[in-house]
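Asks: Listed below, chain by chain, are the residues.
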Amino acid sequence: MPINLLPTDLSPKGPVVRIAALVRSVAVISFSLLLITGLGISAFFIVNSLQIKNLNSANEELKGSIKSLEVTEQGLVLVRDRLGKVKQVLAQDSGADETAGLSKFITQVPQGVEMQEAIISKDGVETTFLATASTSLVQLMAGIISQESFKSVELVSFSFNPNAGYVASFNLKTK
Amino acid sequence: MKKSFLGPNVNAIAMPFIYLAASVLLFVFVLRIGVSKISQQRKNIGEETGTQRILQQKESLLREVESDVSGFVDASSNAVPEKSPALAMVSQLKNLALVQGLVLTSFKIGSESQSPGTSYVELTFGVDGTTPNVLGFMQSLTTVAPVSTVEKAKINTAGGVASANVSLRVYFAPFPTKLPPLTEPLTQLNDEEKSLLDTLSSLSLPAFVKLAPQEPGARANPFE
Numbered sequence: 001m002p003i004n005l006l007p008t009d010l011s012p013k014g015p016v017v018r019i020a021a022l023v024r025s026v027a028v029i030s031f032s033l034l035l036i037t038g039l040g041i042s043a044f045f046i047v048n049s050l051q052i053k054n055l056n057s058a059n060e061e062l063k064g065s066i067k068s069l070e071v072t073e074q075g076l077v078l079v080r081d082r083l084g085k086v087k088q089v090l091a092q093d094s095g096a097d098e099t100a101g102l103s104k105f106i107t108q109v110p111q112g113v114e115m116q117e118a119i120i121s122k123d124g125v126e127t128t129f130l131a132t133a134s135t136s137l138v139q140l141m142a143g144i145i146s147q148e149s150f151k152s153v154e155l156v157s158f159s160f161n162p163n164a165g166y167v168a169s170f171n172l173k174t175k
Numbered sequence: 001m002k003k004s005f006l007g008p009n010v011n012a013i014a015m016p017f018i019y020l021a022a023s024v025l026l027f028v029f030v031l032r033i034g035v036s037k038i039s040q041q042r043k044n045i046g047e048e049t050g051t052q053r054i055l056q057q058k059e060s061l062l063r064e065v066e067s068d069v070s071g072f073v074d075a076s077s078n079a080v081p082e083k084s085p086a087l088a089m090v091s092q093l094k095n096l097a098l099v100q101g102l103v104l105t106s107f108k109i110g111s112e113s114q115s116p117g118t119s120y121v122e123l124t125f126g127v128d129g130t131t132p133n134v135l136g137f138m139q140s141l142t143t144v145a146p147v148s149t150v151e152k153a154k155i156n157t158a159g160g161v162a163s164a165n166v167s168l169r170v171y172f173a174p175f176p177t178k179l180p181p182l183t184e185p186l187t188q189l190n191d192e193e194k195s196l197l198d199t200l201s202s203l204s205l206p207a208f209v210k211l212a213p214q215e216p217g218a219r220a221n222p223f224e
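In the order they appear, the protein sequences are chains A and B. Residue numbering for the first sequence follows the working numbering, beginning at 1 and increasing consecutively. Residue numbering for the second sequence follows the working numbering, beginning at 1 and increasing consecutively.
Here chain A stands alone, though its shape is the one from the complex:
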């Protein structure tokens, strides 16, 4: 049994000793936790640093590889740019459909009918036909009406000249 030679009024009293022992234990546990947490965080930090370093070097390698394919990349960027421009051009109105429609119809023009004039624009086709006989004129009109290329057919003028024949002007629209 230890011998305490200190005067009794210099020694802490019973409950204080217990509280001090408890606080000391908590302090030791807290310090241990601090050490474990510090070590854990340091380990995690080191692992992450290594991972970042590896990722960086892999990315640098990939960037170098892509740099060596720069000509291909330039080509692909150019192709995509040109495709965008072509789309813009194709989206514009033009007389291509009107030309195709008239081209298809002109092969079916009956005997005795001649196209005198055609004005093709993106808004439609204005065309004038000369028919030498009424039967040809009827066939011409039937042919125009049955054309699927033209969504609307408008008879703009119609006249008869005894020397030439029947002159009919149409306004044909594809849209």
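Since the hints were made in silico from the structure, they are not lab data. Heads up, the beta-carbon is just placed ideally off N, CA and C, and yes, glycines get one too. Some clues are possibly wrong.
To be clear about the criterion: a stretch of chain B counts as covered by chain A if any three or more of its residues have a C-beta under 8 Å from a C-beta of chain A, and this derived list gives those stretches [claimed, not checked]:
(1) 37-50
(2) 63-70
(3) 138-145
Straight-line C-alpha distance at most 20 Å; calculated SDA-like pairs for lysine to any residue [to be verified]:
(4) A/K151 / A/K175
(5) B/K152 / A/A91
(6) A/K87 / B/V73
Assemble the complex: chain A is given as a structure, and chain B must be docked to it using the hints.
Replies: Just chain B, lined up with the frame of chain A:
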């Protein structure tokens, strides 16, 4: 013996409390700094992993299209060239007229219309022949590069000979001057773009005579 100023009870309890407070403060400090550093690292790892994915995808795509891209470039850059394609189009018109057995009677190159997107040059020409051939010729304009649109065409027929006066717009646009950033993703050509590229590849290209480079020859002395 000298008595402590604070008394034995306070002395006995103070030191453990100081240790506890120091441990708790250090714990909080280490946890705060550590968590902030690690979350910053995780963010960096996330960013670098994302960049790596983009770079890998970009590299693989570039390797995949490496052999085809020069053909795509030829087809698309002939369809919409960098500079005014008026002369190339005149050459194409002559070739088409020859194929259809037509005669080009005139042509006029108009002014260029510059715009930030697509620019164009007006080209007007006259052509004589039979009506079906003239119309066939006009239809075949969509089968040649550079791309053009028919603005207006007037066809007059007399005695079985059609005479057409056609106004075209032929398009061009400056080439892009810079590449996108290295870490920007690059996507595959979609089906619509591939189909458009097939159409452009089928266009007949303008034929140019290429002169072979020659070494400079000796110049004759005009005074001898």
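Asks: Confirm or reject each hint.
Replies: Checked hints:
1. With a threshold of 8 Å between beta carbons, the proposed coverage of the segment 37-50 of chain B by chain A holds, since 8 of its residues qualify and at least three are required.
2. For the segment 63-70 of chain B, the stated coverage by chain A is satisfied: 5 residues place a CB nearer than 8 Å to a CB of that chain, which reaches the threshold of 3.
3. For a cut-off of 8 Å, the count of residues in the segment 138-145 of chain B with a CB near a CB of chain A stands at 4, and the three-residue condition holds.
4. For the suggested pair A/K151 and A/K175, the alpha carbons sit about 6 Å apart, so the restraint of at most 20 Å is met.
5. For the proposed pair B/K152 and A/A91, the alpha carbon gap of about 17 Å is at most 20 Å, so the pair holds.
6. Distance hint between A/K87 and B/V73 is fulfilled; the C-alpha atoms sit about 16 Å from each other, no more than 20 Å.
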